[in-house]
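**Student:** Please model the complete structure; the sequences and the hints are all you need to start from.
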Amino acid sequence: MSLSSVATADRFVDLAGLLESCEVDGFRADFVSWGHYRPAYWRNYWHSHSFHEVCLAFSGEGRFNSGTTEYAVQPGTVFLARPGDTHEIESSRAEPLGIAFWGFTFRPVSNVAGTGWWSGLTRADGPVVSQAVGGLASTVAALAAEAASPCSGYQAALAALGAALVVDTARAFALDDDLSVEPARSDSRDQVVVDAMQRLLLDNLARPITVRDVAAAVHLSERHTERLFRSVTGSSLMSTLRRLRLELAAQLLLDPSNSVTQVAHAAGYSDVRPFSTAFRRHYGTTPTVYRRTGGTTFGS
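Numbering-wise (UniProt numbering), the sequence shown opens with residue 1 and increments by one.
No wet-lab data here; the hints were simulated from the structure. Honestly, I wouldn't trust all of these hints.
As the list claims (entries may be wrong) - Across the chosen pairs, the derived CB separations fall in these ranges:
id, residue 1, residue 2, range
1, T233, V112, 54 to 60 Å
2, N111, C151, 34 to 40 Å
3, P83, R230, 55 to 61 Å
4, T293, Q191, 36 to 42 Å
All C-beta atoms, glycine included, are put in the ideal place defined by N, C-alpha and C.
**Tutor:** Set out below in C-alpha cells:
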C-alpha cells in the first residue's frame with residue numbers, strides 16, 4: 001500500500017482509548033499517543049519523552065534533529081526518538097511536511113534471549129532514521145480504518161494490527177543482522193502442502209475425487225502432486241483416500257442407525273458390493289460382521 005493511504009488516514013488519532021496495549025514475542029507495548037499532521041508548516045521544539053515516539057512522513061519535506069545530528073526528512077522517511085532522546089522536528093515552509101505518528105512504551109514481559117526485530121527499539125545506539133517503511137503504511141491505514149468505524153471484533157483486530165505496528169516499527173530500525181533468521185526448510189513447506197492435500201481428501205470422502213482434483217487444489221502438476229505426497233507420507237494419494245474412506249466406514253458402522261448402504265455412500269462408494277469387497281480386503285471381515293462384533297474382528 002502506498003504512502004497516499006497514510007495521507008488520508010486522519011482517523012488514526014481516533015485510536016486513543018481504543019487501542020491501549022498489545023503483547024508480541026514476549027514484549028508489551030502500551031500506546032500513549034496517536035497523531036496525524038496534514039501538510040502545513042509546523043515545528044516541535046527541543047523536547048524528550050519517556051517512551052518511543054515514531055513518525056512516518058507521507059508528504060513534503062522537513063528536518064529531524066536528534067542530539068547533535070540533523071536528518072533530512074522526505075516522503076517515506078521513518079524517524080524515531082527513543083526514551084530520553086532530545087529531539088526536534090520542523091516542517092519545510094515551501095514543501096510542508098505531513099506525518100502520522102505514534103508513541104508507546106516497550107518492555108519485556110518474559111525472558112527474551114538474543115537479538116531480533118525488537119533490537120530496533122532496544123539498541124540504544126541503533127539508527128533513528130530509516131527508509132525501510134515495509135508494511136507500516138498499510139498497517140497505519142488499516143488501523144485508521146478500524147478506528148473510523150469500530151464494529152464487532154474491533155478489539156481483536158486492533159490488538160493484531162497494534163502488534164504488527166510495533167513489529168514493523170522495530171524492523172525499520174533494526175540492523176540486518178538482527179533480522180536475519182534461518183530460512184524455512186523445504187521439507188517443512190512440503191509438509192504444509194501435503195497437509196492441505198490430506199485435508200482435501202478428508203473433506204471429500206463421500207465425493208468422487210482424483211489426483212487431478214488434488215493437484216488443482218494445491219496448484220501443482222499431477223505428477224509432482226503424487227510424487228510429493230508419496231515422498232512425505234510413504235503412500236500414494238489414492239491408497240490413502242481408500243484407507244481414509246474405510247476408516248470412516250468402520251466408525252459409521254458402529255452406529256446402528258446407519259445402514260450399510262448409507263455407510264457405503266458416506267465413504268464414497270456408489271454401490272454396496274464394491275464397498276463390501278474393499279472393506280473385507282482391508283479389515284478381513286465384512287461390514288455386517290464387523291458391526292455385529294463391535295469392530296473387534298480384524299484380519300491381517
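**Student:** Run every hint past the structure and note whether it holds.
**Tutor:** Quick rundown of the hints versus the structure:
One distance hint, 54 to 60 Å for the beta-carbon pair T233 and V112, is violated here, with the actual separation near 37 Å. N111 and C151 have their C-beta atoms about 37 Å apart, which keeps the hinted 34 to 40 Å range intact. Between P83 and R230 the Cβ separation comes to about 56 Å, which falls inside the hinted range of 55 to 61 Å. At about 37 Å, the beta-carbon gap between T293 and Q191 stays in the expected band of 36 to 42 Å.
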